[in-house]
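Participant: If you want the building blocks of each chain, they are given just below.
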Amino acid sequence: MLLSLAAATVRLGGRPALDGVDLDVAEHETVCVLGPSGSGKSTLLRAVAGLQPLDAGRVLLDGRDQHAVPAHRREVGLMFQDHQLFPQRDVAGNVGFGLRMRGAPKGERACRVTELLELVGLPGAGQRAVAALSGGEQQRVALARALAPRPRLLMLDEPLGQLDRSLRERLVVELRELFGRLGTTVLAVTHDQGEAFALADRVVVMRDGRIAQTGTPLEVWQRPADAFVARFLGFDNVVDATVEGAAAVTPWGKVPVPEGAPQGARTLLVRPAGVRLVPAGEGLTCTVAARTFRGTHVSVHLQPQDAPRLEAACALRHAPETGRRVGVEFDAAEIVVLDEPSRP
Amino acid sequence: MTGRGRLAQNAVRLGLTAVPVAFFAVFFAYPVAAIVRRGLADGGTWHVGRLAEVLGQSDIRHVLWFTLWQAAASTALTLLVALPGAYVFARLDFPGREVLRAVVTVPFVLPTVVVGAAFLALVGRGGLLDELWGVRLDTTVWAILLAHVFFNYAVVVRTVGGLWAQLDPRQEDAARMLGASPLRAWRKVTLPALAPAVAAAALMVFLFTFTSFGVVQILGGPAFSTLEVEIYRQTTDLFDLSTAAVLTIVQFLAVGAILAVHARTVRRRETALRLVDASGTAHRPRGAGQWAVLAGVLATVAVLLLLPLAVLVQRSLDTPGLGYYRALTDADGGIFLVAPIDAVGASLSYAAAATALAVVIGGLAAAALARRDAGRLVRGFDALLMLPLGVSAVTVGFGFLIALDRPPLDLRSSWILVPLAQALVGVPFVVRTMLPVLRAVDVRLREAAAVLGASPWRVWREVDLPLVRRALLVAAGFAFAVSLGEFGATVFIARPDNPTLPVAVARLLSRPGDLNYGQAMALSTILMVVCAAALLVLERLRTDRSGEF
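Chains as they are written, first to last, in the numbering used here: chain A, 1 to 344; chain B, 345 to 893.
Next comes chain B alone, as it looks inside the complex:
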């Protein structure tokens, strides 16, 4: 590389970074700054004391405590239920394994309102358990915890199981040859290798449940409220924007802390593990123990993951002649200005726009991050990109609400507002999908092309693009599914005459009456089918079997 080459390279890197940085500055940093101002500044003077004042209220302290302990309990419960699943999918070979692996991933991309609706149909008033045995869980915390396990099962199975499948079984063999019993070999060799992955998965689950919104909003009732739900309540029910802003700041700090720990854990995990191709490490179950674990995992998947969805579908059909589906086409009922079915079209077009935005922004960011010469500054940017993922959709929505409704940026009446918010939530998924693939492109492959006469632009087109094309499709699919199901941010900014599917479901659920309930189930079923279909297509496209998100 020559002096001029280096200069050009810097220019390229600057160009790659500038677009995502600008996007995040305007649509994330600026709204967050607006939240901080709204919460802590009053007519030009700062009142940091507001923080203590709000946190001093007993009901707020109650919300904080509940947020924390339900997240901890959900995480523990998810690990307990899902770790055997991780083992089974990583190490045991059985018919239908690939299909089942894809199926257990479906819940993760399901919109939170669909999960809420499904559990309502299972354990709520008039739900399946209520009908059969008169058991209702929707007034207890168990409905929330079970829904969280349902939602995050795949996170553990794929993060831990993905690594587990790539650990060389011969390492355990080596320990056995040196005199360790099977259990001891597992404890001394495999467990230490897995521990960072377990920690990373646990932190992800904790983060997702800490910022849980849709599930708690629907299943929590008046008794249970997380920070997210409280922020929403303060904003839309009590119109106390200042308290909402303070709570958002608290949430922001907590999430930042969790993400920092997660980043450290992940970095530790990347060190010094010899990984092998995952396709060769599984074997048929041997002995009663392994068969029992397999049976237990299959039963768990059936009861916990498949039953709620089956009940959801059954409830949506629980009237003669697809009545609930047909009712979706009527605009009366006064809930909406339009027929609920119109939300499908609106959702799809919003999601398409959000996907395009997320792929461009996330793709550029990933390209910048993947460069071998990426400095510390750029790597810091990596963590920054993850922030909206954890900082929670409600923060994004609330920030848009109070920051982008006046000059210089008045987007209040623009349709682009919803796709922008959804793209912000989708970008981290795009980056996470693209980055490992881009990093895996051997630098010397690019050099080989350069020596054969390919200019830098040509190298990208001839070497990088063909290798990442699939990843790009997968990333787009993920962004699409996430955008389609996005609820927390959209609910703040979607216009009443143009709701998205999840917003429409939530509104129907909040109304009394069998017809509204049935319509919510029908709409949820439609949403579920679209998301599940998108995911199953993606699973076929995925090339890497490491299986992480």
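With the rest of the complex left out, here is chain A:
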């Protein structure tokens, strides 16, 4: 393993920011840590970089314990959330900084800077002042700066956090291509699931300093480990249920579940696509509370009597008007019985 964390623990102000985290990153792998703010993602990066001392546990790089290695000797790259470009240096001065610290000769430095600026799509920008760069350009310079010394591990803290949506979507594709081409090992953190799923070979979901789930983007998306992960991924139809055979008893009435689902008191996730609208009078009776246009479909919020709201995904043409009464039926294929038992 290139990077291993073993029971890594960091306490900030008495509260555990990182609570016994075990994590392995293999060479050439891109791992994305996903979690809400305050879940300990950034602390994780800082601990690996050597900017935050561990209170317990170990960080290993190439199998070697990094306890006594200060930040400037760890040879990892870190791209900060707001870039932290050196304001008094030009673009080339920023990109070449790490090489200069390692004592690389001037000629070699200049070559590498040129090469990297081309790589990130800013050829010939070496003499520009960093203050004159747009957000996206600063992003690219920060990336070039982190890559220039050829770090064995590249870490990205909210790499695209401050950019606007279209730029973000374009850059995420570029980054994935770039890392694939260079064979870089990447550990990134983000709170944006779209970013994580697009970038990562493997996603790690964090909550309160602990790892809530690890898996490929597809695995995590299809089978969230628990209610927290499901809600964090944007699913709102999550309820306590009792599974008996092929059906579950829920506040929405009896709901069919896939074959072989775990039995007993569970948490149930109903994907919006699994909420089918039928004429009023059939199934569960609901009132349409709101509808939101989502481009490919319409998200319809349904209010049953005496039960939590339901979100349904509808084709554009079939979406009912607000205030209409409709019936609801459930599709077992879009229902997930989560592994954790529901809380009493």
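Rather than coming from a laboratory, the hints here were simulated on the basis of the structure.
Cβ coordinates follow ideal geometry from the N, Cα and C atoms, glycine included.
Fair warning: there could be bad hints in the mix.
[To be verified] Calculated from the model, a selection of chain A residues having no Cβ within reach of chain B, i.e. all distances over 10 Å:
| # | residue |
| --- | --- |
| 1 | Arg102 |
| 2 | Arg170 |
| 3 | Glu177 |
[Unchecked claim] Between beta-carbon pairs, the in silico distance windows are:
| # | chain 1 | residue 1 | chain 2 | residue 2 | range |
| --- | --- | --- | --- | --- | --- |
| 4 | B | Gly600 | A | Ala132 | 42 to 52 Å |
| 5 | B | Arg608 | A | Ala132 | 38 to 48 Å |
| 6 | B | Leu809 | A | Gln127 | 20 to 30 Å |
| 7 | B | Ala524 | A | Gly38 | 34 to 44 Å |
| 8 | B | Ala362 | A | Arg64 | 28 to 38 Å |
| 9 | B | Asp437 | A | Asp236 | 48 to 58 Å |
| 10 | A | Gln127 | B | Val785 | 35 to 45 Å |
| 11 | A | Pro304 | B | Pro526 | 47 to 57 Å |
| 12 | B | Trp801 | A | Gly38 | 32 to 42 Å |
Assemble chain B onto chain A, guided by the hints.
Facilitator: Okay, now just chain B, sitting in the frame of chain A:
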């Protein structure tokens, strides 16, 4: 950071703190302790009763009362005159604004003796007002009060105006949109935000005027005496060191109290204000009201700040063929053992040495204080550094006089004594200039450098130094101007054959005769030009426009 890293960090912090702490222990705490011993101990026994005994004397009580009320009156008058100025420089945009802002700051760095001499030339015997209308103010308290306003105008304009310029005008807009009238919006939104800055400025002015020495010494005559002047009088005229020491202790306690209140005010001010870039908040004057305020402020600046200096220059030229300036090169006259002009060279070399000392000591202290992990102990040290600023130059000078003239530290005959005292007075300015800039360096910028392979020392050189280089120059300039004009401490310890410029001016002024008077004006003009030039250069160098001292 690893365990070893933490250890190294502690060692660095200890190293950074040790030098300034040692400096202050030897050259401030030790002399102050000597003063306390001299005042309250007599042959090994303590007489705290001395305090009551000295304070019981009616003339001392008179001095105390005068010190207090003139400081209060000066503060009120300064606020009254300078607050419109703060508004104008913060919010109104007019041609020459930047230049004028620098110009109103000049008085603050002028040596107190120059201020005294300038007001003497304006309102004193044979002064401009005397010539024109037969009006003399130098026998009244008004000369002192006006000189104090002259001196402290910039403190209010820069402390209050600096914050005012950074307040987001959209906050007032928001209040207007919610139905507040312009005046009400100002009263409910801007005024509460400014209040702590006004309080901080008022306390600074009170402190400076409470410890006023040079101005009162020159303009006060026999009738008016502050604690500082009285300490000096007791020491040099009456040779009553014990009474002087008791008065110094009283002064020390009063200043400590004022500084404590100031520190609290400043800390409150730092909370929860959303500040914006000062360059975008000013606008052209609109309406008769704003034009009137602008005109009033410009007139005040002209009459109160520029006229005294103009008169000073005019008086120094008031003889054919630059006679007063040429007289400065003669050693006769018996006042000095050397020609007054030699004081220029002495002053410059003292000030250079003091600047070097102040920058090293103050720079190290600021670096230690700026560290994010600075504990409460270190922050207490912050307040301690400010102490010599307020504890008054006379305390420093008097302390040096009685503490450093015998073993283990006999510096009586060493030239370094004067730069040491001046550095002590200059260090707070260095710290105050450097600290905000060092604190503003983003920790993560340092972390970014570390992750890219820069060792801690390299981080400092590559990240911190380029960002603070200007501030360092500004700090050095301030220390230089302060050292050059330093009077209260220097007057105790400067050797008669080697006076500094301010000491020479004061001595010339204390002698009768037109030639002495004219020479004092000429020497003051030289000093003023040097200080003003230094300041104007600094103003161009300053990067932050918050404009505080």
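Participant: Now tell me, hint by hint, if it's right for this structure.
Facilitator: Each hint, compared with the structure:
1. Arg102: 5 Å, violated
2. Arg170: Answer for Arg170/A: holds, closest chain B Cβ roughly 25 Å.
3. Glu177: Since the minimum Cβ distance to chain B is about 24 Å, Glu177/A lies beyond 10 Å and the statement holds.
4. Gly600/B <-> Ala132/A: 42 to 52 Å: 50 Å, holds
5. Arg608/B <-> Ala132/A: 38 to 48 Å: 43 Å, holds
6. Leu809/B <-> Gln127/A: 20 to 30 Å: 23 Å, holds
7. Ala524/B <-> Gly38/A: 34 to 44 Å: 37 Å, holds
8. Ala362/B <-> Arg64/A: 28 to 38 Å: 36 Å, holds
9. Asp437/B <-> Asp236/A: 48 to 58 Å: Given about 53 Å between the Cβ atoms, the range holds.
10. Gln127/A <-> Val785/B: 35 to 45 Å: 25 Å, violated
11. Pro304/A <-> Pro526/B: 47 to 57 Å: Because 54 Å falls inside the window, the suggested range holds.
12. Trp801/B <-> Gly38/A: 32 to 42 Å: 34 Å, holds
When each numbered hint is compared with the structure, violations occur for hints 1 and 10.
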